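For the protein sequence lines, the chains are A and B, in the order given.
Reminder that position 164 of the first sequence reads as 358 in my numbering, one-by-one numbering, no gaps.
Reminder that position 257 of the second sequence reads as 281 in my numbering, one-by-one numbering, no gaps.
If you're looking for bench data, these hints aren't it; they were derived computationally from the structure.
It is possible that part of the hints are untrue.
[Claimed, not checked] Taking lysine-lysine pairs in the DSSO-like style, the calculated list, with each CA pair at most 30 Å apart, reads:
hint : chain 1 : residue 1 : chain 2 : residue 2
1    : B       : K158      : A       : K203
2    : A       : K213      : B       : K158
3    : B       : K158      : A       : K270
4    : B       : K150      : A       : K270
[Stated by the list, open to error] Covered, in the sense of this in silico footprint (three residues per stretch, anywhere, with C-beta under 8 Å from a C-beta of chain A), are these stretches of chain B:
hint : stretch
5    : 110-117
6    : 125-133
Everything numeric in this text was worked out from a predicted model, so none of it was measured.
Glycine included, C-beta positions come from ideal geometry on N, C-alpha and C.
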Amino acid sequence: MSNAALLFKRQLTDTFRNKTVLIQFLLFPILTLIMQKMVRPEGLPENFFVTLFGTMYVGMAPMTAAAAIIAEEKEKNTLRVLLLAGVRPREYLIGSGGAVFLPCLIGGVVLCAAGEYSPAERVQFLAVLAAGTLVSILLGGAIGVASRSQMSATSLTVPVMLLCSFLPMLGLFNRWAGVLARWLYSGQVNRLLGGIGGRVDPADLLIFGLNLLLAAGLFVTAYRKRGLT
Amino acid sequence: MSGILCVESVSHCYAGQTVLREVSFSVGRGEIFGLLGPSGAGKTTLVKILTGQLSQTGGTATLWGEDTRRLSAQTRREIGAMMDDLGLYDRFTAEENLSFYAALTRAQRSRGEELLCRCGLWQARKTPAARLSKGMRNRLALARALLGGPRLLFLDEPTAGLDPAAARGIWRLLEEEREKGMTILLTTHNMVEAQRLCDRVALLHEGRIVALGAPEALCRQHNRQNGLLITLKDGQRQWLENGPAAAPELCRWLERDQLAAIHSTEPTLEEVFLNLTGRRLEDEQCGAAL
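Looking at chain B on its own, in the form it has when it is part of the complex (with noise of 0.2 Å):
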C-alpha cells in the first residue's frame, strides 16, 4: 500500500465494543479523501487514531511511514486537523486564538492575518470566539488547522451544522488548498459535500469499510437500474434501458424537440449506502435532532 497515510488493518475496541474492524485505505498525496458514515460509525475516532489522539488496538496507521503512535515532533508539525469540537479559546477574539497558536507552531504572524482575510473573519478578528457564529467559529478553527501550513489536514465535520453558505465558503477554501498540494482526509455525512471535494471516499458503516472508491465510480458500480428518465416537454416521464435500443427513441423526441430533460438512474452516494446497509446516513443525526 502506498500514500503519505496508510492505514492496514486498523481495529479498536473501547469498553468492550468494537468501534473499527479491519479498516484498510491509503491516501495519497494532494487527495481529498472522505471518511463517510453516520454518526458513530467509527469516523471520530479514525481521525483521532490518525492524529496520534489514540491508540489502535489492532493494525497500523502510518504518516510518511511513521506509526502514528509515536509521531516525532517534526511530523507533528506537518498536520493540522479541525475536530468537531473545535477547541476554540471563548474568551480570547479571533485574532489572540490565531495568534497564540501562531506562536506555539512557530508560524508568522502575518499568516494569521492572510488566514483571517481568507476566512471572511477580518472584520470579527476583535470578537471574542464565544460571540462568533457557528460558521465563523468553524471557519477560524479551520484558519488555525491551517495556521502551520500542514502538509496533511484532518477534518473532522467541518461544516457540520451550518447553513449552505457557510459551508460553502469553507469548501472553497479547501478547494483552494487542495490547489496548493495540501492533502485532505475528511469525515462528513454530507453527501454534496463529499461528491464536490473528494477524490476518493470511503463509505463506514459500523466501524467497517463497505465500499471504498471515487464518488462518482462508486455511483456507477451500484447503478443497477442502468437507466434513463426521460421528462418530455409537455411533463410526462419515460424511463428507457440505457443501451442501444434507446436511441431510435431519443432520436425521435430529439427531431421533434419533445425532449425536456435525461437523468442516469444512478444512484447517489446516499442511496449507494442505503443499498449496501440498509441505513440511511444521516440516521442517527436525525435521531438526534429529535
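Bound-form chain A, shown alone (with noise of 0.2 Å):
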C-alpha cells in the first residue's frame, strides 16, 4: 500500500474516533433529512432545505475538518515523525484530503437521497457538491499549514466557515449579501445547487473557476511559508 493510502487509511480510521471531527460530518446530513422530510413550509422549492443545508454543508464541514487535522498534526508533533519515517509533504496532503473528501461525499449523498431528484440530477448535485468540498478543503488546509496550534487554526477558521456558509443563506433576504456571496465558491454551490436540472450559467463556472484558483493559491501561499512543520 502507498504511504498516501495509508495515510488515507489511518486518517479515515482516526475521524471515526474523534467526535469534534465527526459531527461535521454528520450534523448537516441528519438535519437536512429531518427538516426535508418532516418540515415543508408552504411557498419555498421542492428542495430548500437540501439546497440550504448543501450550500452550509460545503462551506463548514470540510474547512474545519481540513483545518483540524492538520493542526492536530502539528500541534501534536506526529506531523514532523511522518516528515521523519519518509513520507512526503505530497503523500501527506493526498491522504488526509482524501479523508476529508470521501467522508464529505458520502454526506453529499445522504443530502442528494434527501431531496427530490433524478439519476442525472443526482449525478450534477454531487458533481457541484464535490468541486465546493474540494475548494473548502484548500482553504481548511491552508489555514491548518499557517496555523501553530488548533487553537489558533480554530480562530481562524470560524469566521472564514461563516463566511462562507451563511452569506448565500443570508442573500435571500438582504440584497447586498446576495451581491457578495455571488463572488464566494459557496455562493456558487448555493446558485449551482439551486438551479439543479435547469441551464448552468457560464458566469457562475467561471467565478466558481476563480474561487478554486484562489484557493489554491492561498494553499500554496501558506505550504511555502509555513511548510509542514
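Combine both chains into one complex, guided by the hints.
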C-alpha cells in the first residue's frame, strides 16, 4: 500500500474516533433529512432545505475538518514523525485531504437522497458538492498549514467558515449579502444546487473557477511560507 | 574527522539569536554519544539538524557522508528518532501506533509485536496512547523509533520526567541495542544516564561544546583536588592527597582494620559542567518546574 493510501486509511479511522470532527460530517446530512422529510413550509421550493443545508455543509465541514486535522498533527508533532519516517508532504496532503473528501461525499449522497432529484440531477448535485468540497478543503488546508496550534486554527477557521456558509443564506434576505455571496464559491454552490436540472450560467462556472484558483493559491502560499513542520 | 555521523563547525541562528556556535564532533559505529546540557543549550536544535528536520545556517553535518540537508530516502530509512514531544496518535492504541508505522517503514508486523514485548507494553497493547502513563508513552515512542531496525538512533531526552524504575527500563533496552551494534546519539541532562550509557559525551553550553570525551576521562581530567576521602569505622573522615605519600597512612588504617570506605575526590559530570560554565545542568529545569 502506498504511503498516501496508508495515511488515508489512518485518517479515516481516526476521524471515526474523533467526535469533534465526525460531527461535522454528520450534522448537516441528518439535519437535512429531518427538515426535508418532516418540515414542508408552503411556498418554498421543493428542495429548499437540501440546497440550503448543502451549501452550509460545503462551507463548513470540509474546511473545519481539514484545518483541524492538519493543525492537530502539527501541534502534537505527529506530522514531524511522519516526515521523519520518509513520508513526502505531497503524500500526506493527498492522504489526509482524501480522508476529508470521502466522508464529505458520503454526506453529500445522504443530502442528495433527501431531495427529489432524477438520476441525472443526482450526478449533477454530487459533482457540484464535490467541487465545492475541494475548494473548502484547500481553504481549510491553508488555515491548518498556516496555524501553529489547533486553537489558532479554530480562531482562523470560524470567521472564514461563517462567511462562506452563511453569506449565501443571508443573500435570501438581503440584496447586498446576495451580491457579495455571488462572488464566493459557496454562493456559486448555492446557485448551482438551486438550479439543478436547469441551464448553468457560464459566469457562475467562471466565478467558481476563480475561487478554486484563489483557494489553491492560498494553500500553496501558506505551504511555501510555513511548510508542514 | 571519521565516523558515521560527522558534525563540522555547525552553527545555527534563529530569530537573530545564535543557538549553535561552531559545534564539531563525530560519532563512530556502535557508539553511544551523549549531548549534555541544560534546557536551551541547543541540544534539540542539533538533533533536528542531524535528522534533516532543520537546515543549519553554517557548517556541515553528514550521516554516512550524506549532507543532512539532503538526506536520501534510503538514509532516512537507516535512522530512527524519538523526539522529546513523542508524536504519538492519542486515539490509536499502542498496537495500532506501531502497526501504522510498521506499514509506513515497510517493517514486518511481527517486529512491532516483538518490540511491544521487549518494551513491556504487551499487556497495554490495546490501550489508546492517550491513556498510557508517561513512562509507557516514552517506551512506545522508543519502540516506534526501533521499528525499522535503524542503524543510527537519535533520542531527545528519552527519560525526561520518568521515575527511576521506568528510566532503568529504557536504559536496559538501549544497552541491548548497543550490544547489537546500533549507534545512538542521545541528549540528556541526567548525569546518571550519561555515565551509565554513554561512551563519550559533549557538554553543550549556550550552543558551544565546552568539553568532549569519555565521561570517566572528563571527570579525571577535571579532578583538580586529586585527593582521597577516607571514612574510618569510628565515623571520622580524613582527606589525603592521592599519591605515594598517602600509602603509609592507608596501610596503617588497613592493618588496624579501621577503614570503612575510600572515595576519590574526582568530580561528577555535573560538577565538571559547573566548573566549566558556572551553571548547574538542571538549573533551567528546576526553574521551569517552579
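We went through each hint and held it up to the structure:
{"no.": "1", "hint": "B:K158 - A:K203", "verdict": "27 Å, holds"}
{"no.": "2", "hint": "A:K213 - B:K158", "verdict": "25 Å, holds"}
{"no.": "3", "hint": "B:K158 - A:K270", "verdict": "15 Å, holds"}
{"no.": "4", "hint": "B:K150 - A:K270", "verdict": "21 Å, holds"}
{"no.": "5", "hint": "110-117", "verdict": "holds (count 7)"}
{"no.": "6", "hint": "125-133", "verdict": "holds (count 4)"}
The structure meets every hint from the earlier list without exception.
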